[in-house]
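Residue numbers (numbering that gives the first Met the number 0), protein chains in the order written: chain C, 0 to 294; chain Z, 0 to 237.
Hints are computed from structural coordinates only; laboratory data are not their basis. Be careful, since some hints might not be right.
[Unchecked claim] Quick partial rundown of chain Z residues pointing at chain C, CB under 10 Å, derived from the structure:
id, residue
1, GLU80
2, PHE84
3, LEU94
4, LEU99
[To be verified] Simulated coverage check for chain Z against chain C, where a stretch passes if three residues somewhere in it have a Cβ under 8 Å from a Cβ of chain C:
id, segment
5, 45 to 58
6, 63 to 69
[Stated by the list, open to error] Beyond 10 Å from chain C on every Cβ pair, some chain Z residues (computed):
id, residue
7, THR7
8, ASN17
9, VAL74
10, GLY101
11, HIS119
12, VAL165
13, ALA167
14, ARG185
15, THR210
Just so you know, these numbers come straight off a predicted model, no measurement behind them. All residues carry an ideal CB built from backbone N, CA and C; glycine is no exception.
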Amino acid sequence: MTQKAALPGEVEVSAHGPERSFALRTIWTLLQRELRDSLRNKWFLLYTLSFAGLALALAYLSNIGTGLAGMAGFGKTAASLVNLTLLVVPLMALTMGAVSLSSERERGMLAYLLAQPVSRYEVYFAKFLGQGLAFSGAIALGFGLSAAALAQHGLGDSALFLRLAGLSVLLALSLLAIGMSIAVFARRSASAMGMAVFAWLAVTLLGDLGLLGATTFLDLEVKDMLTLSLLNPTQVFKLGAIQGFDATLDLLGPAGLYAVRTFGDRLAWLLGGALVAWTLIPLLIGAFFFARRPL
Amino acid sequence: MISLSHVTKRFGRFVALNDVSLEVERGEIIALWGPNGAGKSTLVRCLLGLLPFQGSAHIGGIDVARRGKAARRLVGYVPQEPALFDDLRVDEAGLFFGRLRGAGREEVRRMLDEVQLMPHAKKRVRELSGGLKQRLCLGLARLTDPPVILLDEPTASLDAATRADVLADVEHLRERGKTVLLISHRPEEVRQLADRIVTLEAGKVVEIERTGRHAPERPLLHVVRDSQLEPRSREVRP
């Protein structure tokens with residue numbers, strides 16, 4: 000006996016291998032819970048408040064120095080925000096992405112959820128979207144508070160701030176996707192956390208060192224240095240953010256100059272596209288294996 | 000209603016299920032019986048699509064490996080350890096899982112009323128006792144009235160009074176014509192509830208016994224294994 004099992008409006012694709020079925024209503028329900036779960040998570044709140052507090056403090060300190068530095072105060076704030084973003088956002092996105100999925104699996108919640116009429120792809124993508132929205136909100140709060148504090152003294156460049164905020168959101172999404180992929184392969188929540196922290200060290204600290212070491216010892220050409228930079232989402236973010244202050248990228252030396260000369264106005268799109276690719280590729284890899292791994 | 004054909008599940012070299020075949024008729028209550036590690040929970044997890052396996056399994060004619068989501072829409076599941084989202088309030092949990100199953104707010108409210116959880120509706124799930132959580136899981140499993148209910152040791156961690164409530168709930172499922180697959184380690188529960196007892200050992204079906212609740216519709220394969228059960232009727236399937 001075959002029963003009608005799909006709900007109205009649901010697109011269901013059956014195929015060999017894991018089922019690919021998407022129902023917007025299901026994704027919306029899962030996404031809402033994920034968003035609410037993030038907002039109730041004490042680690043997420045801690046990260047968000049730290050980021051917002053530090054961003055506000057940076058703006059406040061710039062305001063104090065405005066009489067001396069004038070517009071330089073805004074530039075310093077923006078540059079400091081880039082550094083703050085490079086430190087906090089990858090840590091927040093990698094660890095939260097890794098722990099959320101693995102801890103639910105460890106506590107049996109994921110198995111119970113997947114015993115409901117949902118597909119694994121729906122669960123995975125909804126989790127990404129829900130957490131991504133929460134991170135976007137946290138970043139908007141930090142940049143918003145900072146912008147508001149600067150605006151009190153007539154400082155600020157809204158276009159640059161929007162660019163930085165947008166790049167920060169893309170950076171968060173790419174690292175969230177990487178964090179979730181880590182969780183798919185980690186057997187335990189603790190090992191997922193450890194791998195996420197190692198990934199954070201790799202992309203933030205070891206990435207810089209690796210680039211420097213490779214340039215020094217391998218005698219890389221300028222275009223290879225740019226290619227290597229594109230292999231690290233935090234480097235891509237840094238390039239995009241610095242281009243906002245310094246359109247010629249001469250701050251970054253020959254690689255920056257090469258990038259501007261080669262790609263011109265398309266560089267911003269290339270960097271944005273690289274961050275989107277850094278989001279989609281780990282997201283799709285993670286979803287592919289999540290749909291196939293036993294629980 | 001449930002059909003398993005040559006289902007085999009391996010974890011590395013360990014064979015958790017070994018060529019298991021089983022047909023469960025509509026309205027039948029089947030008890031899965033056997034020692035720890037016999038493969039009972041693995042069988043349920045395969046049916047839910049939580050584990051990949053060799054062979055085929057169908058619920059209501061739907062292949063659980065290829066169309067797991069559609070198959071799970073026909074199934075209500077009660078795990079041994081209720082693992083709901085602890086941070087949700089009881090009514091939020093009802094609405095969340097209800098929406099996933101296509102149930103509306105009114106159906107969820109009625110369900111909470113039926114399982115006598117309305118007084119606890121605003122409590123967080125983590126604040127509920129084990130018995131109340133299990134009752135919530137039973138209520139959630141019945142939302143949208145699925146024809147198949149899978150119960151994985153639903154009374155394992157309950158006190159006597161709550162266990163009696165849960166058993167009464169299972170009896171109620173029988174009256175409503177549900178097909179039930181029940182895992183239990185308690186012989187008295189199995190005898191009280193099951194139409195047939197399927198004994199698993201080391202991943203293999205070693206015995207299928209009809210308890211005498213219903214007259215046998217066809218002869219059953221019988222291998223005498225477990226003296227604890229003292230089945231009421233034993234017949235041989237060709």
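Hint check:
1. Interface restraint check: GLU80(Z) against chain C, minimum CB-CB distance 6 Å, threshold 10 Å, status holds.
2. About 6 Å separates the beta-carbon of PHE84(Z) from the nearest beta-carbon of chain C, less than 10 Å, and the hint is met.
3. Proximity of LEU94(Z) to chain C holds as hinted, the smallest CB-CB distance being about 9 Å (cut-off 10 Å).
4. With a cut of 10 Å, the hint placing LEU99(Z) at the interface with chain C holds, because the nearest CB-to-CB distance is about 5 Å.
5. Counting residues of the segment 45 to 58 of chain Z whose beta carbon lies closer than 8 Å to any beta carbon of chain C gives 5, which meets the minimum of three for the stated coverage.
6. Restraint check on the segment 63 to 69 of chain Z versus chain C: 5 residues with Cβ-Cβ distances below 8 Å, three needed, restraint holds.
7. Chain C leaves THR7(Z) outside its interface by the beta-carbon criterion, the shortest separation being 14 Å against a cut-off of 10 Å.
8. The beta carbon of ASN17(Z) is kept farther than 10 Å from every beta carbon of chain C, the shortest such distance being approximately 17 Å.
9. Look at VAL74(Z): its CB is around 8 Å from the nearest CB on chain C, not clear of 10 Å, so calling it non-interface is violated.
10. At roughly 5 Å from the closest C-beta of chain C, the C-beta of GLY101(Z) falls inside 10 Å, breaking its exclusion from the interface.
11. Separation of HIS119(Z) from chain C is adequate, the least Cβ-Cβ distance of about 19 Å exceeding the 10 Å criterion.
12. Every C-beta of chain C lies more than 10 Å from that of VAL165(Z), the closest at about 17 Å, which supports listing it as non-interface.
13. With a minimum CB-CB distance of about 23 Å to chain C, ALA167(Z) clears the 10 Å threshold, and the non-interface call stands.
14. Against chain C, the non-interface label of ARG185(Z) holds: every CB pair exceeds 10 Å, the least being about 22 Å.
15. No beta-carbon of chain C comes within 10 Å of the beta-carbon of THR210(Z); the shortest separation is about 25 Å.
Checked against the numbered hints listed earlier, the structure breaks hints 9 and 10; every other hint is satisfied.
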